[in-house]
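Required output: the full structure, derived from the provided sequences and hints.
Chains as they are written, first to last, in the numbering used here: chain L, 405 to 783; chain B, 6 to 346.
Errors might be hidden in some of the hints.
Facing chain L, according to a computed beta carbon distance under 8 angstroms, are these residues of chain B, among others [said to hold, decoys possible]: (1) Ser161; (2) Arg162; (3) Val215; (4) Asn217; (5) Trp221; (6) Ala246; (7) Ala254; (8) Gly331.
Capping the alpha-carbon separation at 20 angstroms, the derived lysine to aspartate or glutamate pairs in DMTMM-like fashion look like this [claimed, not checked]: (9) L:Lys666 / L:Asp715; (10) L:Lys450 / B:Asp218; (11) B:Lys327 / L:Glu510; (12) B:Lys233 / B:Asp210; (13) L:Lys450 / B:Glu239; (14) B:Lys126 / L:Glu510; (15) L:Lys639 / L:Asp659; (16) B:Lys105 / B:Glu150; (17) L:Lys486 / B:Asp210; (18) L:Lys734 / L:Asp580; (19) B:Lys105 / B:Asp304; (20) B:Lys142 / B:Asp304; (21) B:Lys327 / L:Asp659; (22) B:Lys142 / B:Asp343.
Covered stretches of chain B, going by a simulated chain L footprint (3 or more residues, C-beta under 8 angstroms) [claimed, not checked]: (23) 267-279; (24) 289-301.
Treat the hints as calculated values from the structure; they're not laboratory data.
The structure displayed is predicted, hence computed values, not measured ones.
The beta-carbon is built from N, C-alpha and C at its ideal position, and this holds for glycine as well.
Below are the chains, spelled out letter by letter.
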Amino acid sequence: MPTRDNWQIGRKMDYPYEGTPPKKQVAYIFDTNKCIACQTCTVACKTCWTSGKGQEHIFWNNVESKPYGGYPLKWDVTIAKKAGVATWQGARLGNQTIFEGLQPNEPPRGFRPDVQDYASPNMGEDDSAGQVDKGAAYSGMHPNWMFYLARICNHCDNPACLAACPRKAVYKREDDGIVLIDQERCRGYQECVKACPYKKSFYNAISRTSEKCIGCYPRVEQGLVSLCTEGCIGKIRLHGLRTSEGAPREDHPIDYIVRIRKLALPLFPQFGTGPNVFYIPPIHVPDVYLDQMFGPGVEEARKMYRNLKTDKKLLGALLLFGASDRMIDKFAVEGKDGAEFAVGWDDKGQEVCRVPFTEAVSIRNHLDEKRQAYRQNTP
Amino acid sequence: MNTMCKLTGVATAALLLGIACGKKDAPTPAKGAEAAPAGPALIPAPQPVPDPEPASPTVPSAAWQAAPAQTVEPATKADKLKAPKVAKLDSEDPNAAWWKDAPYIDVTMQPQQMAMPFLDKATVTSLRAQVVHDGEKLGVRVQWEDATPDGNVDTSRFADAVAIEFPLKGDAPATMGSKESPVQIVQWKGLWQKDIDVGFQDVQDLHPNVWNDVYWFVEPGGQPRVAKDFKKPEALQWLVALSAGNPVAILQRTTPVAEYAAIGWGTLTHQHHSASTGRGLWHAGKWAVVFTRPLKTDDSQDAQLAAGQPTKIAFAVWDGGKGQIGGRKHWSGWNDVDLAP
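As C-alpha cells, then:
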C-alpha cells in the first residue's frame with residue numbers, strides 16, 4: 405500500500421491511493437468554548453441542503469453534547485473502540501490508524517451504524533459527565549463538565565470514505581480539497597457510511613445513494629464561507645482555504661492558528677484521515693478525555709487560550725471568526741494600544757473586515773433630551 | 006434522557022477516559038487514567054445495552070411475495086447449459102411451462118475475494134440455472150435458496166439480488182471484464198421487484214412513526230408520498246441523485262432489472278438503453294428469477310447472440326438480509342451455453 409505523510413500524527417502512514425495534495429485545502433476552526441448549541445448552524449445547513457424526503461435523519465452539520473451525546477448514537481465510542489486507545493510518543497502516533505494493519509484489499513477499519521442510531525439527533529443533550537451528590541454545592545472549578553461539539557464533514561486529507569468506495573464515486577477536488585460523492589455514480593453500497601470514522605456520510609433511502617456535506621462548494625467557488633459558518637450567531641467558526649503545500653503562512657488566519665500556533669486541534673487525529681475541522685479545546689474539561697479526542701497539544705492550546713489577552717496577533721486572528729461572509733486569506737493586526745483592529749482580506753486583496761479589539765462604548769443618558777422621555781433599561 | 010442513552014454515554018466516557026468498562030474486549034486503560042477527575046467515578050458500572058431492533062427486514066410486507074398458485078421445479082439435470090428452442094418466449098414468469106423441461110445445471114458460487122470489499126463467507130453455495138430461446142429472445146432462469154425475501158432499503162439494510170453476465174468477446178474475464186474485453190451485465194434486485202409489486206418504499210413505510218413538519222413545495226401537507234405527491238420540480242430539488250440521472254434513484258420503476266457495461270472491477274456503469282426484462286418470485290425459501298433479452302440488439306454495449314451459436318454466461322448473487330451488497334457477493338466463473346439452432 406502506498407504511504408503518505410500525515411503531519412497530524414507526526415509520521416508516514418498507509419493509504420490506498422497515491423495523490424498530490426489539493427492546491428488549497430478547505431478548513432474550518434471551531435471554538436468549542438464559544439458554542440452554545442443553539443443549532444443555528446444545523447438549521448442553516450438543513451434548510452438549504454437536506455430538506456428533502458429521505459433526508460430527515462441527515463445532518464451534515466450537527467451539534468452534540470459531550471461526553472454523552474453523539475449522532476449517530478455512540479459514533480465516537482464505537483469507532484474509538486475499534487481503532488483502539490491512541491498512544492502518543494510526543495507528537496508521533498504510536499498505534500495504527502484505521503488504514504493500517506489491514507489485510508490486502510480490506511477497507512478501512514469502520515462500522516456501519518444501524519437504523520435506530522439515527523433516531524435521536526440530540527441524545528444526551530446538556531448532560532454533564534457525572535451526577536451531583538445530594539446536598540453538594542459547587543465552589544471554584546466544577547468537578548462535572550460537559551461541552552458542545554459542533555460537527556461537519558472534515559474534508560479529510562486522507563478520506564476514509566474515498567478509500568472505501570469500490571466504485572470511486574467519492575472524490576477530492578483539486579482546487580479546494582472538498583470531498584464529494586458523485587450522485588450519478590453512487591449506487592448506495594454504504595461502504596463510505598461504514599468507513600467514515602466521523603459518520604458524516606449518510607444513506608438516503610429515497611434517493612438510494614449516500615450523501616455527505618458538500619462543503620457549500622457553490623459558495624466556496626465564489627469566495628464565500630459555508631452556511632453553517634455564516635449562520636453561526638456565536639461566531640465560533642472560521643472557514644477558509646488553508647495552505648496545503650509548502651510552509652504555512654504567518655499572515656493566513658487558519659495557517660497561523662492551526663499550523664503555526666497550534667491553538668486549534670484536529671478531532672481524533674489517531675484515525676489518520678487528516679481531518680480539516682480544527683477545534684479550540686474546551687478549557688474546563690479534563691485532559692485525559694481531551695487527549696483521546698484531540699491528540700497531543702491540548703494543555704498547550706488551553707494555556708495559549710487563557711493568555712489570549714496578551715497575545716495580540718493570536719487574539720486578532722480569533723476576532724476574524726464570524727466577521728465576514730467572505731473567506732479570509734490574509735490578516736493583520738493594525739493600530740496601537742487601545743485602538744487595535746484585526747483586519748482581514750480575501751484572496752483578491754479586498755478588505756472584508758476590520759474588527760476592533762475593543763468595541764466602542766456609547767453611554768446614553770437616562771433622559772432622552774430630544775424626546776424629553778426617560779429611557780428604560782428594557783429590550 | 007432514557008436509560009439506554011445514559012448507559013451508552015457512560016460507555017463513551019469510560020472509553021474515552023481510558024477506563025476499562027468491565028468487558029473482556031475493553032481497551033487497556035490509557036496512561037494517566039488514574040488521574041481521572043472525581044466526576045466520572047460517580048458513574049455506575051455500565052450494563053450491556055440490548056439491541057432494540059433485530060437486524061432483520063424493516064418492512065415485512067404480507068402483500069409482497071405471497072406464494073404463487075403453483076411453482077415450477079426444473080426437472081432435467083444436464084452437464085452443460087443447453088438452451089432449447091421454445092415456441093414463443095412471451096412471459097417473464099418463472100413458473101412458465103417451458104422452465105419445467107429446460108435442462109438445468111447447478112452452478113457453484115464462490116465468495117468474491119478478489120477486489121475490495123470481500124465477502125468473507127459464502128452463504129449461497131449453489132445456483133440452479135436454465136436457458137431457453139425462441140429465435141428472437143433469450144430467457145435465463147436462476148433459482149437459489151434464500152430463507153427470506155429481502156427488498157430492504159435503509160441504512161444497513163439491503164436487498165437480495167442476482168446478476169447474469171455475458172462476454173462481448175470470447176476472452177473477457179468473468180471478473181467484471183477488462184478494458185480490452187468488456188462484459189454486459191444484467192442485474193435483478195429484490196428492491197426493484199418490490200417497487201413494482203407493492204410500490205415505492207417511502208419514509209412512512211420504513212419508519213411509520215416519523216413525522217416531518219414540512220416538505221417544501223409539496224401539496225398536500227402532512228406526510229406526502231414522494232412518488233405520488235412530489236410533482237413540482239422544486240419539490241424534487243433535494244433528490245440530487247434523481248436530478249443527476251442516477252438510475253438507482255428512479256421513483257417510478259417499470260422493470261426490476263437493469264443493464265450494465267463493465268471493463269473491470271469498480272467500472273460497472275448503467276446502460277442508457279436496456280432491452281432486458283425480468284421477474285423474480287420467492288416461494289418456500291427459494292428465489293426464482295427470470296431474465297429475458299433479445300438475442301440481437303443494436304447496442305454496442307450488449308453481447309450479440311444467435312441461435313445455433315455458443316456463448317458464455319456467469320452469475321452473481323447477493324443475500325441482502327446478510328448485508329451483501331456491491332462487491333460483497335457470490336460469483337461464478339463462465340459457463341458455456343449452447344443455443345439450439
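Here is what the structure says about each hint:
no.	hint	result
1	Ser161	holds, 5 angstroms
2	Arg162	holds, 7 angstroms
3	Val215	holds, 6 angstroms
4	Asn217	holds, 5 angstroms
5	Trp221	holds, 6 angstroms
6	Ala246	holds, 4 angstroms
7	Ala254	holds, 5 angstroms
8	Gly331	holds, 4 angstroms
9	L:Lys666 / L:Asp715	holds, 14 angstroms
10	L:Lys450 / B:Asp218	holds, 13 angstroms
11	B:Lys327 / L:Glu510	holds, 19 angstroms
12	B:Lys233 / B:Asp210	holds, 14 angstroms
13	L:Lys450 / B:Glu239	holds, 16 angstroms
14	B:Lys126 / L:Glu510	holds, 14 angstroms
15	L:Lys639 / L:Asp659	holds, 19 angstroms
16	B:Lys105 / B:Glu150	holds, 18 angstroms
17	L:Lys486 / B:Asp210	violated, 33 angstroms
18	L:Lys734 / L:Asp580	holds, 17 angstroms
19	B:Lys105 / B:Asp304	violated, 32 angstroms
20	B:Lys142 / B:Asp304	holds, 15 angstroms
21	B:Lys327 / L:Asp659	violated, 47 angstroms
22	B:Lys142 / B:Asp343	holds, 14 angstroms
23	267-279	holds (count 3)
24	289-301	violated (count 0)
Figure legend: structure checked against the earlier numbered hints; hints not met, in rising order: 17, 19, 21, 24.
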